[in-house]
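Please put together the full structure from these sequences, using the hints given.
Residues per chain, in single letters:
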Amino acid sequence: MKYLLKHIGLYLAAAWASLTINFLLPRAMPGDPVTSMIARMHGKMTPEQIEALRKAFGFSNAPILQQYFDYMTHVLRGDFGLSISAYPEKVSTIISSAFVWTLLLGIVTLILSFVIGTILGVIVGWRRGGRLDSILPGLFNFLGSFPYFFLAMLTLFILGFLLKWFPLSHAYSDYLSPGWNLAFVGSVITHLALPATTVILVSIGGWLIGMRSTMVGVLAEDYITMAEAKGLPEWRVMFQYAMRNAILPNFTQFGMSVGFILGGLILTELVFAYPGLGFYLIRSVMASDYPLMQALFFMITLTVLAANFIVDLLYVRLDPRVRVS
Amino acid sequence: MDKTTVPTPYNEKCSSPEKRPEGGRSGEAGFFLRMLSQKKAVFGLTILLGFILIAVLAPVITPGDPAGFVGRQNQPPSAHFWLGTNGQQQDVMRQIVWGARVSLVIGFTVGALITLIGLVVGMTAGYLHGLADGLLNVFTNVFLIIPALPLLIILASFLSPGTTTVVFVLTITSWAWPARTFRSQMLALCEKDFVAAAVVSGEGILRIIFVEILPNMMSLVVTVFFGNVVFAIGADMGLAFLGFENVTTVSWGTMLFWARNNSALVMGTWWTFVPPGLCVALVAFATTMLIYAVDEVTNPRLRSEKEVTNVLRKYKVSSHLATPVVRKNAD
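For the protein sequence lines, the chains are A and B, in the order given. Take the first sequence: its letter number 237 is residue 252 in the numbering used here, and every next letter is one higher. Take the second sequence: its letter number 215 is residue 216 in the numbering used here, and every next letter is one higher.
Please keep in mind that the hints were generated in silico from the structure rather than gathered at the bench. Incorrect hints may appear among the rest.
Facing chain B, a subset of chain A residues (Cβ under 10 Å, in silico) [unchecked claim]:
1) F157
2) L166
3) L263
4) G274
5) L320
Mimicking DMTMM-like on lysine to aspartate or glutamate, the simulated pairs with C-alpha atoms at most 25 Å apart in a straight line are [stated by the list, open to error]:
6) A:K21 x B:E306
7) B:K307 x A:E243
8) B:K307 x A:D189
9) A:K105 x A:D189
10) B:K315 x A:E243
11) B:K40 x B:E213
12) B:K315 x A:E249
13) B:K307 x B:D296
14) B:K40 x A:E243
Beta carbons are placed, not taken as given, at the ideal position from N, Cα and C, and that holds for glycine.
Below you can see the structure in the form of structure tokens.
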């Protein structure tokens, strides 16, 4: 319990910090971003848009603490204002649709890369010195050296443009409307395949190598020798004795790397024009749509925090030592 | 953890400098010799030095302005233009060679800066204990958990695009991981007897930190530094790809930015985007290999593991048992 409370405190602090960054950044910059934006748009903005922008920043003549307080209460009510690039759409509407796609892509890639990487790591660690051991770690290390978006461009070019095996962009076919039917779900899966594969390929290496090294450590333990001496089947020693004990460090890493993988997703989403949080984040930055941009940043942070919290809950379940202390 | 740790059964062969059996190579020289006997280290060093050499000798290898117009646009590789020309009528080969400069300089600068900040924050936190450590630790963890790339993008969007911006935002968003690593190492080392002895014998704080503790963290500092370089080069690519670097400077990242802007994928001009991406991957891979090599040389546990693996290979025991058994007349 103490473990969880400590972590919840940390997440609250991080959420507060990201909100404060959102609040302080426009104010720390020289000049007033609203004025500079109006100048950049060459008078193409309507007075309503300018008003929306001022409200989004909470810019007023009130003292800074009052502004800060106003900003926080707005955010806590889930009110992020109106988007500027897609005026007068509400920021929260855009975010909720984008969030679904990022969640889908994120969950699929995280879980698949973790599961595949961990199992390969177990096998490679178990048969260390074997043929697989001399190929896989090096191969996935090399793949892991690629920037996410470059591998995305490469797979898109080869599998999408040259071989035409996969669709080139978006989350589902433009001719379909969302619904629970076979055609739509199939379209979603084929559109998901390429972006997910690139992220998985890049991130498997970390899990594999982490798992391999903890496996090798665990294999030297006496209880493994004991289990083998008892004549237990190989798979049982491998997965129920060795893997169960070796997986904890990898699991801690899981929480840490959620943020990293989500960061990688941003650029991947851009390459595949996949309409997730990252895709909109970059679009809003390019369009100087500050209200949308701030809300997206906060939303991505919240996603990472939530993922970390889930990992914490699972960790408590996995490691009895945490439960006791 | 390090070359000065107490000898264990595993590392008696090459750990303690004063009684080394073979050849009497000592200290730093011994470290380098052992590094050179590592395949990974030689591979990593060769590629990394190769790229550094290319960057330094850019004016000799491909003289001329890398941003200059040389001929028709989007020509495929030929004897004249080894890597073809891009959508801007520029020579891709020349851009790769000159672009190495910006990418490597940013990578190594940011790598060094965040290692330094991480060292200062981490060691201070680890040494102080108590409330100060608690505060610094919470601060570090908050920075660690806020996703770096979105924060980078947000920060960069408020600043004018350019190399300085990239270095600045990368540095202030990425120091937390090294800080955390160094802090835990510092905590572990502070428990050691030789630190207690130094405190008792009345050495000053600075001397304890820089003369007693820091040398014992050197291998960690080196691996963390190279890890940061890998991270920085990758993150710089991402930021440049998004247009946060000055897009008129030639770097591997801006090459990808222009490839995307000139719709290289649709045009099928693979020679404009494959080379810069491959170069980054090669540099990152070589640096990672170097990290493994340093780890293996300085970490007795990894070294012993390597020896076990080699023995397994030698006897062709493709271990279907975790506890390998060598049978003399098997099967």
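Exercise for the section: Mind checking the CB of L320 of chain A against every CB in chain B and telling me if the closest is under 10 Å? Expected result: holds, 7 Å
Exercise for the section: Assess, step by step, whether the Cα of K307 of chain B is no farther than 25 Å from the Cα of D189 of chain A, and give holds or violated. Expected result: With Cα atoms ~54 Å apart, K307 of chain B and D189 of chain A exceed 25 Å; violated.
Exercise for the section: Identify whether the interface hint at L263 of chain A stands, where standing means a beta carbon of chain B within less than 10 Å of its own. Expected result: violated, 16 Å
Handout entry: Given hint E243 of chain A paired with K40 of chain B - CA-CA distance at most 25 Å
Key = Cα-Cα ~34 Å, so violated.
Exercise for the section: Starting from K307 of chain B, check that the Cα of D296 of chain B is at most 25 Å away, please. Expected result: holds, 12 Å
Handout entry: When the least beta-carbon distance from G274 of chain A to chain B is tested against 10 Å, hint result
Key = It holds, given that the least Cβ distance between G274 of chain A and chain B is near 4 Å, below 10 Å.
Exercise for the section: With a cut-off of 25 Å on the C-alpha distance, tell me whether K40 of chain B and E213 of chain B pass. Expected result: Distance ~32 Å between K40 of chain B and E213 of chain B Cα, so the pair is violated.
Handout entry: Straight-line alpha-carbon gap K307 of chain B to E243 of chain A, limit 25 Å
Key = holds, 23 Å
Practice task
For the pair we were handed, K315 of chain B and E249 of chain A, check the Cα-Cα distance against 25 Å.
Solution key: Roughly 23 Å separates the two Cα atoms, so the pair holds.
Problem - Satisfaction of hint between D189 of chain A and K105 of chain A, Cα-Cα up to 25 Å - result: holds, 23 Å
Problem - Status of the hint placing L166 of chain A at chain B (closest C-beta pair under 10 Å) - result: At about 8 Å, which falls below the 10 Å cut-off, the nearest Cβ of chain B leaves the hint on L166 of chain A intact, so it holds.
Handout entry: Holds or violated: K315 of chain B to E243 of chain A, with C-alpha atoms at most 25 Å apart
Key = holds, 23 Å
The structure fails to meet hints 3, 6, 8, 11 and 14 from the earlier list, while all remaining hints are met.
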